[in-house]
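> Spelled out from the first residue to the last, the chains are:
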Amino acid sequence: MELLTDPKFDFLGRRNFFMGLSALGIAASIGFLAFRGLNLGIEFLGGTEVVLRFREAPEEEEIRARLDRENLADAQIQRLGRPEDREVLIRTGLLPGGEEEGGETSRRLTDALRPPEERERTARGDLDLNAAGADAIALWLARRSDPAAAGPTAEAESAAAAIARLREQRGGIFTDPAGALELPEVSPEWGSALAADAFAGEFVVREVGFIGPSAGQELRLKTYWAVAGAMAGILIYIWLRFRFFWGFAAVAAIVHDVLITLGGMSVTQKEFSLPVVAAVLTVIGFSLNDTIVIFDRIRENLRTARVRDLAALLNQSINQTLSRTLLTSLTVLFVVITLNLFGGTKMNSLSFALLIGLFAGIYSTVFIASPLLLIWERTLGRRL
Amino acid sequence: MQLRWKILLILAVIGFAVWQAFPLQETIRLGLDLRGGLNLVMQVRTDDAVRAEVDQVEERLAAELKEAGIAHAGLERSSLTRIRIRAAEEARAEELRGRLREGFAEWSEEREGDDWVLDLGPQVVEDVREVAVRQALETIRERVDQFGVAEPVIQRQGLAGGERILVQLPGVENPERVKEVFITPAFLEWKLAVMPPDLTPDEFRQVVPDSEERLAGMFGGVLPEDVGVYPEEITAPDGTPVRRFWPLKRASAVSGRDLKNSRRDQGRFGEPVVGFTLTAEAGRRFEKLTRENRGQLLAILLDGQVISAPRINDVISDQGIIEGGFTVEGAEDLALQLRSGALPATVVILEERTVGPSLGADSIRQGVRASLAGSLVVAVFMILYYKFSGVNAVIALALNLVLLLGAMAYLGATLTLPGIAGIALTVGMAVDANVLVFERIREERRLGRTVRSAVAGGFSKALITIVDSNVTTWIAAVFLYGYGTGPVKGFAVTLIIGLLASMFTALFVSRTLFDLLLGRRRATDRLSI
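Those protein sequence lines, which keep their order, are chains S and W.
Converting from the first sequence to my numbering requires adding 29 to each position, the first position being numbered 1.
Converting from the second sequence to my numbering requires adding 50 to each position, the first position being numbered 1.
Just chain W, same shape as in the assembly (with noise of 0.2 angstroms):
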């Protein structure tokens, strides 16, 4: 190849990777531990779905059953997809199969004995879990994109039917607020109370008992079959925390999804509540419930814990707020929470690695003015003692740094403080293939070569010694590159690119540069080296 093309080709990819790579700012992505911001995996629990389409279910056949007048001595839950009647009725066998067969299409029955076992379905099982996970992934968006941040990273992981979700929030500074308004499922209800006999509602408020005994006591030994137990926590005067039980009626008057919007809004004292709005026909139900009910008790739940227990004074249609010793902060997440929807299962934590800004202005300040530095002293250093072909290696070596750069831009590799670190190393390593072509040119030239022939003979073989030295590290980059965490990623993908440049600039740019400078004259017999 001619030297005029020679130098047009080594133009041209150092122009197109000072394109990519120019401004540094905007070019290069940065990993988490030098931007700074939250990192999340978590899981979906999607048992927790399926047991509660599993409960539904359940009430169903209960419900069922009792209208039918079919007898039987109970149901049981034997495993999470498992549905047992116990003793049915013997002679109403054959109608209980077909009601089983029609209304519950999706189960497989099987007798035992006298006991019917249903089980669910495996493929809807797999539905099951399939929309949880989706939903999961929806409210957990929707709750980002409330907080507003800036190229956040919402994803699903976990191979087909995966139930990991990676959350990434670059800049994000609280991450304790931050993980709690995730993970909360904010699942509202409103929950009438049932007022043991001979108590009125603001009687019972004095009283309402710390222990499900005692509650159970109220009620003269035994609750009434629709009432259920619900705690409730708060703190007594002397700030330790109480636990209280609320009788309240199983069955929910209104829930979270009947919401249509909710904001943060100021009470009659102005402290801070939650003001909601209700769709149309909740708000229709809500009205009946409230005007049927005056002077009650109505709990509103959170996640099945009691936060307050109001009472009812007057007809209250679509649009109410929710009380619940409220800080400023706790008012707004709940309403964002809500706005965004309950979380269809329990959502827990797996990994967490959140980097404060500070920490990651401070790891690519001193990364970079390490790597600036130890750069520097290795051009100082080829100068000194390879003179003017010292010159040539040094602006191989910063033709190497753009290539470097260039390539991470236009690969959309992400760098990580190793990966500073190993740009460092492979200023280190990438100057020791020029280092084997002088030592190689000395040699000859001791021998009583010309210039030209030492020039040419240095070059020769360096391809396959170059390759040569740089083969063990690449293997351990490689497989350092497949089963790396983020940051190692990063270390391993600036040695590859890093030294394959360093090929192209200490071989092809560096004998460019030889030429270039022996072009002109014709038998030079001094060479600086």
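Chain S with its partners taken away, still in its complex shape (with noise of 0.2 angstroms):
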């Protein structure tokens, strides 16, 4: 099977409408990050997040009006994932505490969000069997059984891995504690415990999450020289690898890739973390490749030549390589969309940025590193 046999597309002859095309979609990606722009998470800005999974989600308002028990109605919510995974991300930012704050704004969080009725409930010694882990399970059962006990017993311990390991069949939240009390593990005596004073709490916290002020300066500070040094080191080889305006026309397909990312990102609103810019610097690195193999093989045609018309030249210097170009970012591809469709909410924000910063790049490889050199020729009237 073959791709292309022999193909002979004309880039650069519709070379304006691309890259009219391009300067569309850099203008909207500016437009987007100027006003709506970047999720940008606590890593960057500071602040307590905490992802919980509901029973059933409650609607923004009334989630908004528990939060302002404990003053923090001014958080961030955001649904996270598909609706049946019913999980919901609550941030905020700093608060003016400065470093004091440390940690206890994701205890506020959750207590304002815990109904009262399961709070009192807590409060007496019953068991929420979604806040809930293996060991605290345990314990609980042993203590039923002798109030004394300093620790669980192995039946107890037992019991509790069970109920934990049918929690999370069920998606790591109990609807109600039904299925939990007919456990083969479960003895009738604490079977009956369980009915009686336990319950399946409203939501689980899966995760939590604090940076304070100087946590947070340090990781932007850390970025920075991060993105800095992967930039001045890629900057380097081009310098090295190609002559004047080679470098400049492979730095621009490279903005553009950041640009398009960026505004990818902002319109979809996903979380713009460490890991997406890990993303988009790999990016940059592998859709350099492309530009490289290409102006390779058009230095490596110019000098031999016959007759000069770049724009002729340009094309079928594209023209050949564009098997090998096509053929290896058509890989990577197929490995980010499944990275795409099946990764989790948790991949998600990197491996969205992986595909369009994927898109961009093969996109920018071939419709503007290309034609930026010609219009360098023509209307600049320099040559290569």
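By construction, these hints were calculated from the structure, which means they are not laboratory data.
Possibly wrong hints are sitting among the right ones.
With the C-beta cut set under 7 angstroms, the calculated list includes, among others, these residues of chain S facing chain W [claimed, not checked]:
| no. | residue |
| --- | --- |
| 1 | Gly-201 |
| 2 | Thr-204 |
| 3 | Arg-407 |
Covered by chain S, per the in silico footprint, the following chain W stretches (three or more residues, Cβ under 8 angstroms) [claimed, not checked]:
| no. | region |
| --- | --- |
| 4 | 76-83 |
| 5 | 475-482 |
Cβ atoms here follow ideal geometry from the backbone N, Cα and C, with glycine treated the same way.
Please dock the two separately framed chains into a single complex, following the hints provided.
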């Protein structure tokens, strides 16, 4: 099978159209970035975030009303994943206390969201099956049999482990305790104890994060250094590899890719986190490869050409390397698409950034880098 | 190199990788985002320890000046490490200097007019800070031990003299409670209550005032010298929190330092309390105290707050209980903190990340599933497009993965969720090396070369081309590894190692496979590619 046998597309002929399209894309991206901005996570801004999975996700107003109890009503509330996941992300910026806040806010958030009935029941010693880990469940069961128990018994531990496993199967949260009572490891005595004094809490805390002011500052600094270093390394490599304007064209393609990717993140408002930065840098690295391949071929053809028709030569070079460019991009694209489809919520902003970046990279390699070379010679009258 | 040896080398490398990497569950270190657990970075406020040290010295100085009868206008703290004696008696200046030099040798003294200024030497301050951090580290380690977490990480962080502590507790599911236990200093004190004139202890208990002014009023406007005001927080019957203020002797009769042991216990009505045992020496002091103050109130303070003030009914020597409206867990936690000792300084959380186990398990499951699916699609494509040579590429790809996992296990690299994405990316990028070579071979065949020379031609300049195509990705990955946080480091590591391994598999292994295929037949003219 061969994708293209001796392709002869005229890439440069329609260059104005393609570059115009790019310009549009870049303008749109800048517009979105300016007005909608990026969904920056706490890694960049500092603050607290909690990810909760609800038995049944409440409406946003309800959540805000409960947060108001702790004066946290202006937190950012976002639904994650698909509606079936019933997952909610709640994020607050750094509170005025400065470093003193240290970890308090996550407790206040979860406290505020807990329905008062559940808080009372927990204070009385009832067991929230959705908040307790296997150890806590084991201890609770053991103390039911023997109130003075210092630690869990082996039977209690195996019962707790079975309950935790069941909870895993149910997506990490119980909608009601019934299933837990019927497990073989749970003795009838424990069964009735659970029936009377255990309940399935309204939500389960999946993840908690807090970045204080100094930690946030350090993370930002590290990120700047990572990006600056990587970009410097790449630019030096370009400078060594290419003579003047070729390098400029390669850099222009990179700038295009980055802007389009950031624009895509702004439009979809997916979380812009540190792994997303990593994805963008990787895409830059990868997209540069194809540019290098095409430029090498152009240089080779320029050397051996008898007649200098730059447009035709550029077209020829691109067509000659098209097979290779498309194939290498295709294989990575397959992987990135499956990551987007099956990778899950946590990975999603990373895989999406890779996807957009990859498409932008392919586009810029073929439709921007080479046409720029033509413009350089034709419009600015300089020889390559 | 002869074919035989090449094959042997390949098998040896693979054998090593397999031995290192399997069984997967046990060999690859999982990052926190996949394993679940608590990750804390805390800072020890060493200023507290320095302040406590200077406080003690200030008290000692005041006592000495009083004893020697040297008049002065008061002691002032003008900074963290500086004490100023105001308007000291001029006539006794030389004597004062002598005393200062002798009794407070670590302090530099200087005269400023009528005042004397003492500065704590910087070396001593350093030492105090250092000791504070070490003690905090020890105390936290004790507290973690008592929780019984498997494979905890407790490390001092920051450059030399760093004041940060990193704590990683995998598998912890109740971060709020664990955090509380760690960062509460848990400084316990017993202070005797001083009654206002005309009030018995039982009467006072009914009318504990809710403001400092009112308390002062009960004493006729001014509290006695050795008495301080200490707050208590209780809940009124209707649920609102109320603050009350107790007049207690400043000097603590007994403190948490005197505890030999403590554990959760049951009080008179079966409610949770904390039982304690004192050291022999402290027990004697306590016995004397309780004997001489029968009927008085003895307040128990935790971190400067009164938690209960029971009446001394009997003589207690070295065993007792602390009541304070504890829940079972509250009593358990306090007993734990007392056993490990109080933190020498406040500890503040700088950064926290807790991942619940269900999220960790989900992430692994989805990440692995996506990577496998992606690899499958790439494999199918390669076989469809390059036919039998595609199989060659798929074998190389599989080996690449094995090598990657083996290297990660060997190097102790941590696998994170972005790392799993990185592995998938490596699959997509690694196969490019094969694509480059195969396209070259196809081109050579189109030009009419024989199978053997086409294959040779395909691989000939492949190394340079493949290295070239990966350089920029490597540059980015290296910087990401250097400056990235945990998850990003995991991503960079899989890219770097994966691409390196792909060079071995795409060039050496694929070539060997080709040689193996073409070896037997003499002049083949067909190549499935």
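> Against each hint, give a clear statement of whether it holds in the structure.
Tested hints:
no.	hint	result
1	Gly-201	3 angstroms, holds
2	Thr-204	15 angstroms, violated
3	Arg-407	29 angstroms, violated
4	76-83	violated (count 1)
5	475-482	holds (count 6)
Taken one by one, the earlier hints fail for this structure at numbers 2, 3, 4, listed in ascending order.
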